[in-house]
Amino acid sequence: MKRLVSLVVALLAICGLLAYTSHQLERTSGSTGAKVLNLYNWGDYIDPSLITKFQKETGYHVNVETFDSNEAMYTKINQGGTHYDLAVPSEYMVAKMKRAHLLKPLDKRRLTGWQNFDSQFLNQSFDRGNRYSMPYFWGTLGIVYNDKFVKASQVQHWQDLWSPQFRDKIMLIDSARDIMGMSLVTLNKSMNTTNPATLLAAERKLNQLAPNVKAIVADEIKMYMTQNEAPLAVDWSGEAAEMLANNPHLHYVVPSEGSNLWIDNLVIPKTAQHTDAIYAFLNFMSRPENAAQNAEYIGYATPNRQAKALLPKAIRNDRQFYPTQTTIKHLQVYQDLSPAKVALYNDRYLEFKMHH
Amino acid sequence: MTKRKTWLYAIPYGLWLALFVIAPVALIIYQSFFDLSHHLTISNYTTYFQSATYLKMTLNSVWVAFLITLFTILISYPTAYFLHHLKHRQFWLLLVILPTWINILLKAYAFIGIFSQAGLANQFLTFIGIGPQQILFTTASFIFVATYIQIPFMILPIFNALDDLNPAFINASKDLGASGWQTFHHIIFPLTLPGVKAGIQAVFIPSLSLFMLTRLIGGNKVITLGTAIEEHFLTTMNWGMGSTIGVILIVAMIIVMTLTGDQQSKGGTPR
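Protein chains in written order, with our numbering: chain D, 1 to 356; chain U, 1 to 271.
No lab work stands behind these hints, which were simulated from the structure alone. Please note: incorrect hints may appear among the correct ones.
[To be verified] Ranges between beta-carbon positions, derived for each pair:
| hint | chain 1 | residue 1 | chain 2 | residue 2 | range |
| --- | --- | --- | --- | --- | --- |
| 1 | D | 187 | U | 140 | 33 to 43 Å |
| 2 | D | 148 | U | 113 | 16 to 26 Å |
| 3 | D | 168 | U | 259 | 30 to 40 Å |
| 4 | D | 6 | U | 92 | 24 to 34 Å |
| 5 | U | 148 | D | 168 | 23 to 33 Å |
| 6 | D | 131 | U | 148 | 50 to 60 Å |
Positions of the beta carbon are idealized from the N, C-alpha and C atoms, including for glycine.
Kindly generate the complete structure, drawing on both the sequences and the hints.
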């Protein structure tokens, strides 16, 4: 009993000490006070040296907190009690947050770098007129292949994945909208269709793909592809960029007949408190040299036209991540669908998964 | 005075029951009668029972859970029996329980490493001349890992039942000339059956609702009731349908409890 009590006391003492130290550290690093910016970002989604540069230039201290899914971010901001000044949702989540009245509109008069952006990535259906969002990075959905097992010519189009030679060889990203969307493209339909019959046809088409599907997984795809576990994967360009960096045998293809174009955006949550810092940061990030540096570090495609021009030629002309204009024309941005319509996609997709 | 005290002692249990058992179950049942647009409906149940895919998935899920439970018993009973006869049995038992202190996700990732194309298992297969096989993302590997994770929960109750067994029964059986097998078959096994039943209760239902493993080890090629519930709550946001499957799971639990319930207490008490 005595030992138990001393154990409990020791544990409490350690906890207290840790809490005190972290509090002291936070105070000395100046994270509380007026000259701060609270950024809520995806993990490893900004070049840290840009944050240092911003702090030096403006005197604002940046606190970065990270999330790993749009849904997690939404839940945290929605439940309140947070003081994030900027968050980075994907396009469909911008629409959802807008609907839930979680966002503050952008004051365009205070933005100095707006003209740097490529109009292809502005004024999309998820936020007409960009009243609430400033594009941060964009990307696509495509096929990652390993040239040790697959030739480039074998996988230029979605339909190629259905070939019997790829039996048990493909990993799919576990995302209803993307996988259903891929199937819809092969059927020559819009990735935003809400016609139940078309969606049923898309599910049937996916069921035919089932023998070729090795696994339907999430982030682990990166690890598996890097370790040559599978020769083929369907994944987002951002994930692909990371895989390619770790395994020289991997390549990424955006099928020219069509695919998804996704855009991650900077938005201001309702709870934001440091307006001056927010606009200082938005303007800082839209400056071409900074956006270019960020794009080079992260490896995603920048929506900032001036920044793209500053990138090294090898990056700027990399068709894997900056597809040709013809391919871009065939890309489709996901429209914000009502929950009932999204449910149609989810149900069909779940049925496909259970079909195995 | 004493009566009042006992009543006070019941408060934590009563609160626990109300907050963590009755309220959640009531909420799940309530939720299951709402569709996506929050209308009162029984459509979730009709969808479930009219969909061949859902029924097939349920059947498949029950079959997989049955296999996991079966393999767990086949491994755990001899193990518990063996442990029971060891000298420092509490210590050896602790070693069996030790892995349960490690988070299930870490264990799953460890198995990914072992089962992958270049993993230990395939290195061994290559070494003995069979060549690398697809081990990860198969039903077999899923059942293997699930069995591994459930084994401690089966060993413990069986071990305790063996511990509670009065050795006088075994001695009596041997004195009366029963063979080793006869003693086991007629004395030991029937008397430790409650332990096995408790083990089944602790293994079968959780196996029906395993979900992280289905993705990490099964590559979503094995979909259990648990995966379907997770999917409906987290991605499709169709809480009604998720709750409906939850209700099915609760019903399955009641069935298992009834089947493995203690029948002896009914007829065994002297009047």
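Going through the hints against the structure:
1. Separated by about 34 Å at the C-beta atoms, residue 187(D) and residue 140(U) satisfy the suggested range of 33 to 43 Å.
2. Distance hint check: the CB atoms of residue 148(D) and residue 113(U) are about 21 Å apart, consistent with the given range 16 to 26 Å.
3. About 38 Å separates the C-beta atoms of residue 168(D) and residue 259(U), a value consistent with the hinted range of 30 to 40 Å.
4. At roughly 29 Å, the beta carbons of residue 6(D) and residue 92(U) sit within the given window of 24 to 34 Å.
5. For the pair residue 148(U) and residue 168(D), the supplied restraint of 23 to 33 Å holds, since their beta-carbon distance comes to about 24 Å.
6. Distance hint for residue 131(D) and residue 148(U): a CB-CB separation of about 53 Å, consistent with the stated range 50 to 60 Å.
The structure meets every hint from the earlier list without exception.
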